[in-house]
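Using the hints, position chains B, C, D, E and F against chain A.
One letter stands for each residue in the lines below.
Number of protein chains: 6
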Amino acid sequence: MATHRLLSDEEAARDPRVAAIFADIRETRKTDYINNFWRALANQPELLESIWNRLRQVMAPGALDPLTKELIYIAVSVTNGCSYCTHSHTAAARAKGLSPEQEAEFLAVLGMAAQTNQLVTALQVPVDAAFQVET
Amino acid sequence: MATHRLLSDEEAARDPRVAAIFADIRETRKTDYINNFWRALANQPELLESIWNRLRQVMAPGALDPLTKELIYIAVSVTNGCSYCTHSHTAAARAKGLSPEQEAEFLAVLGMAAQTNQLVTALQVPVDAAFQVET
Amino acid sequence: MATHRLLSDEEAARDPRVAAIFADIRETRKTDYINNFWRALANQPELLESIWNRLRQVMAPGALDPLTKELIYIAVSVTNGCSYCTHSHTAAARAKGLSPEQEAEFLAVLGMAAQTNQLVTALQVPVDAAFQVET
Amino acid sequence: MATHRLLSDEEAARDPRVAAIFADIRETRKTDYINNFWRALANQPELLESIWNRLRQVMAPGALDPLTKELIYIAVSVTNGCSYCTHSHTAAARAKGLSPEQEAEFLAVLGMAAQTNQLVTALQVPVDAAFQVET
Amino acid sequence: MATHRLLSDEEAARDPRVAAIFADIRETRKTDYINNFWRALANQPELLESIWNRLRQVMAPGALDPLTKELIYIAVSVTNGCSYCTHSHTAAARAKGLSPEQEAEFLAVLGMAAQTNQLVTALQVPVDAAFQVET
Amino acid sequence: MATHRLLSDEEAARDPRVAAIFADIRETRKTDYINNFWRALANQPELLESIWNRLRQVMAPGALDPLTKELIYIAVSVTNGCSYCTHSHTAAARAKGLSPEQEAEFLAVLGMAAQTNQLVTALQVPVDAAFQVET
Numbered sequence: 001m002a003t004h005r006l007l008s009d010e011e012a013a014r015d016p017r018v019a020a021i022f023a024d025i026r027e028t029r030k031t032d033y034i035n036n037f038w039r040a041l042a043n044q045p046e047l048l049e050s051i052w053n054r055l056r057q058v059m060a061p062g063a064l065d066p067l068t069k070e071l072i073y074i075a076v077s078v079t080n081g082c083s084y085c086t087h088s089h090t091a092a093a094r095a096k097g098l099s100p101e102q103e104a105e106f107l108a109v110l111g112m113a114a115q116t117n118q119l120v121t122a123l124q125v126p127v128d129a130a131f132q133v134e135t
Numbered sequence: 001m002a003t004h005r006l007l008s009d010e011e012a013a014r015d016p017r018v019a020a021i022f023a024d025i026r027e028t029r030k031t032d033y034i035n036n037f038w039r040a041l042a043n044q045p046e047l048l049e050s051i052w053n054r055l056r057q058v059m060a061p062g063a064l065d066p067l068t069k070e071l072i073y074i075a076v077s078v079t080n081g082c083s084y085c086t087h088s089h090t091a092a093a094r095a096k097g098l099s100p101e102q103e104a105e106f107l108a109v110l111g112m113a114a115q116t117n118q119l120v121t122a123l124q125v126p127v128d129a130a131f132q133v134e135t
Numbered sequence: 001m002a003t004h005r006l007l008s009d010e011e012a013a014r015d016p017r018v019a020a021i022f023a024d025i026r027e028t029r030k031t032d033y034i035n036n037f038w039r040a041l042a043n044q045p046e047l048l049e050s051i052w053n054r055l056r057q058v059m060a061p062g063a064l065d066p067l068t069k070e071l072i073y074i075a076v077s078v079t080n081g082c083s084y085c086t087h088s089h090t091a092a093a094r095a096k097g098l099s100p101e102q103e104a105e106f107l108a109v110l111g112m113a114a115q116t117n118q119l120v121t122a123l124q125v126p127v128d129a130a131f132q133v134e135t
Numbered sequence: 001m002a003t004h005r006l007l008s009d010e011e012a013a014r015d016p017r018v019a020a021i022f023a024d025i026r027e028t029r030k031t032d033y034i035n036n037f038w039r040a041l042a043n044q045p046e047l048l049e050s051i052w053n054r055l056r057q058v059m060a061p062g063a064l065d066p067l068t069k070e071l072i073y074i075a076v077s078v079t080n081g082c083s084y085c086t087h088s089h090t091a092a093a094r095a096k097g098l099s100p101e102q103e104a105e106f107l108a109v110l111g112m113a114a115q116t117n118q119l120v121t122a123l124q125v126p127v128d129a130a131f132q133v134e135t
Numbered sequence: 001m002a003t004h005r006l007l008s009d010e011e012a013a014r015d016p017r018v019a020a021i022f023a024d025i026r027e028t029r030k031t032d033y034i035n036n037f038w039r040a041l042a043n044q045p046e047l048l049e050s051i052w053n054r055l056r057q058v059m060a061p062g063a064l065d066p067l068t069k070e071l072i073y074i075a076v077s078v079t080n081g082c083s084y085c086t087h088s089h090t091a092a093a094r095a096k097g098l099s100p101e102q103e104a105e106f107l108a109v110l111g112m113a114a115q116t117n118q119l120v121t122a123l124q125v126p127v128d129a130a131f132q133v134e135t
Numbered sequence: 001m002a003t004h005r006l007l008s009d010e011e012a013a014r015d016p017r018v019a020a021i022f023a024d025i026r027e028t029r030k031t032d033y034i035n036n037f038w039r040a041l042a043n044q045p046e047l048l049e050s051i052w053n054r055l056r057q058v059m060a061p062g063a064l065d066p067l068t069k070e071l072i073y074i075a076v077s078v079t080n081g082c083s084y085c086t087h088s089h090t091a092a093a094r095a096k097g098l099s100p101e102q103e104a105e106f107l108a109v110l111g112m113a114a115q116t117n118q119l120v121t122a123l124q125v126p127v128d129a130a131f132q133v134e135t
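Residue numbers (the UniProt record's numbering), protein chains in the order written: chain A, 1 to 135; chain B, 1 to 135; chain C, 1 to 135; chain D, 1 to 135; chain E, 1 to 135; chain F, 1 to 135.
These are computed hints drawn from the structure, not numbers from a lab.
For every residue, glycine included, the Cβ atom is placed at its ideal position computed from N, Cα and C.
Keep in mind that the hints are not guaranteed to be accurate.
As the list claims (entries may be wrong) - Short derived list, chain F residues pointing at chain D, Cβ under 10 Å:
#1 78
#2 79
#3 80
#4 81
#5 83
#6 90
#7 106
#8 112
#9 113
#10 114
#11 115
#12 117
#13 118
#14 119
#15 121
#16 124
Stated by the list, open to error - Facing chain F, a subset of chain A residues (Cβ under 8 Å, in silico):
#17 2
#18 5
#19 133
#20 135
Next comes chain A alone, as it looks inside the complex (with noise of 0.2 Å):
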């Protein structure tokens, strides 16, 4: 299923930005492989230029290592309801060095998280004067 189409390699070599995002792509993943995302962002070339610029920096090891960067992006992804996120970002948390301890105990936060959420917003908690910030 999808409402755009993907560009192949040869559809991607006929816009120069477009090429010149999937050839930068290749090089920060070590990899000739581009997934789907970014080949149905091909059809916007400079919403596709902006996104991957900016995804770049933003998942680049900083303060906060690329692994627990992924673990937050699935969290989201998978709060969304986001079946392609939840994939892509799962195989790269685990290209990352997640294991199978570290898995369980995330899906366990996920899980957790949701359920107090919920009833947190049931009980329509007031929240406590200790947990703001003075603006």
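Using the frame of chain A, we list chains B, C, D, E and F on its own:
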């Protein structure tokens, strides 16, 4: 705002199950302060017991460190739009040592994940075979 | 907070469609009190008519009793994170006889559903053939 | 599609905790069939135990009857957009006696709740004092 | 996948209300094709009537043009993660003249809105008085 | 409520990047007023720069007019349940000329989209081949 009352310590003391959980919260967290979520949940003693006992176990240090667990918790809470949960777990993450640099990167990842989730869904990108596990 | 004014009875009386719906709400519910949702929606008389007329029909006793319908309504509202809706339908469910024991079980189901939804999405579980209807 | 393998009975038999839960599922449900959710969750034996044991308790008959609990479960699942959960709990509700008339009314309530939630949020309606509990 | 059968034309002809709505869909849309949503909803004739009659009215040209209405519809559908709805309304928007340039800008807005929503929620920004209407 | 402080003009002036963005916001919008979102985001200068620069570009007039872009933005914000975003973009849409008639129709579309999304998900309608693009 609330749909359930917040139980005072005096009211909590009337039900031995609630009293026991409140005592365990105080001991586990090394503070006399009990935040509103537990005071609201105390209207349902069985649920209070179940949630607290599970949460204590899930959030304990393990293969993932407590700060990473808090970041995952915030990611779910923000994505669910739970104001109380966002406040309480942001406070908890800071208490567990979240640095301003980590917070800045965390926010950047949260924002990108929401954005790419949205684009993936708009484009209805099919999942790459490479991301799928054989069932 | 609001993005639309709440119409007073005096303002409602100026538009015959709004006046008629306000009269019908009062008669149907056997109370003079008109809650804020209707006062905000009254800025759009056509939408007010459409929503009230449909809601009255949908929430009437039928194959499902009114309390069960309220519980379903709260379940959707909590999951959508709608604070106003959670407040108003929790109040309605209590007015329709929700007991504390029922409320405790309801909250437990709400929490479990959120948790298992989250885990199913994280695991990306394929749907069993046994659960699918032939199209 | 999946991010985690579905464990076969043979694989399940290798871990005594998983084997015990699978046996309990079969006995409780009076069927040899174990659906994919449990086979995926079985990759995390501790989580499998925790979820099954809690779910069995929460969904048991009590102050709310089992069919009502299933309807609440579906309402949360649909609102979260969980396809697997919607399939499995719709099947369960039918197995517990959901009539076509009840299903038609259920769907009508689901749709109205989603619609009025959306309008309330668009209008940002302030919560009536009458709906709030004193904290 | 489905939880409800898709009614064939033959089955639709058995219920006069369903037959009448199917005829109206065909006439309004100037096509013999009836998409799956209506065939699934036809299992509930009353709901089918209510939804179609309201939708026809809401999506008709008015103060907002039909293409703008479709874009709003897609925006809600993507944010709700509704795959079917995203597919059907993207097809409808293209049929109503959505240009590639408009689609590229539309996707850019969708992505930014998701991102800033997420950041606003993470930061828990208080609403400016200037944005609030006096109630 | 807030999890991050709102920076005053004096504080903003201490970081040259923040000062430059605040100046650009004022010039672009032809007003001295800087709303709370930017004051909260200013705690993370890099993120502030990235978001403002991209937002300015995305929301500029193009193939879609600025009012249409605001309506799409509100649609996403309402569906995500973001109160701040709903307030701020509703105010922006009015400033850009949203008429009461347009607003009434917009709200009607928002409500219908939420309702049919919910029904589609409950029915788990399979996507018509006619709506799919060949990948």
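Results for each hint:
no., hint, result
1, 78, "5 Å, holds"
2, 79, "7 Å, holds"
3, 80, "9 Å, holds"
4, 81, "6 Å, holds"
5, 83, "6 Å, holds"
6, 90, "8 Å, holds"
7, 106, "8 Å, holds"
8, 112, "7 Å, holds"
9, 113, "8 Å, holds"
10, 114, "4 Å, holds"
11, 115, "4 Å, holds"
12, 117, "7 Å, holds"
13, 118, "4 Å, holds"
14, 119, "5 Å, holds"
15, 121, "5 Å, holds"
16, 124, "6 Å, holds"
17, 2, "5 Å, holds"
18, 5, "6 Å, holds"
19, 133, "5 Å, holds"
20, 135, "5 Å, holds"
Of the numbered hints listed earlier, not one is contradicted by the structure.
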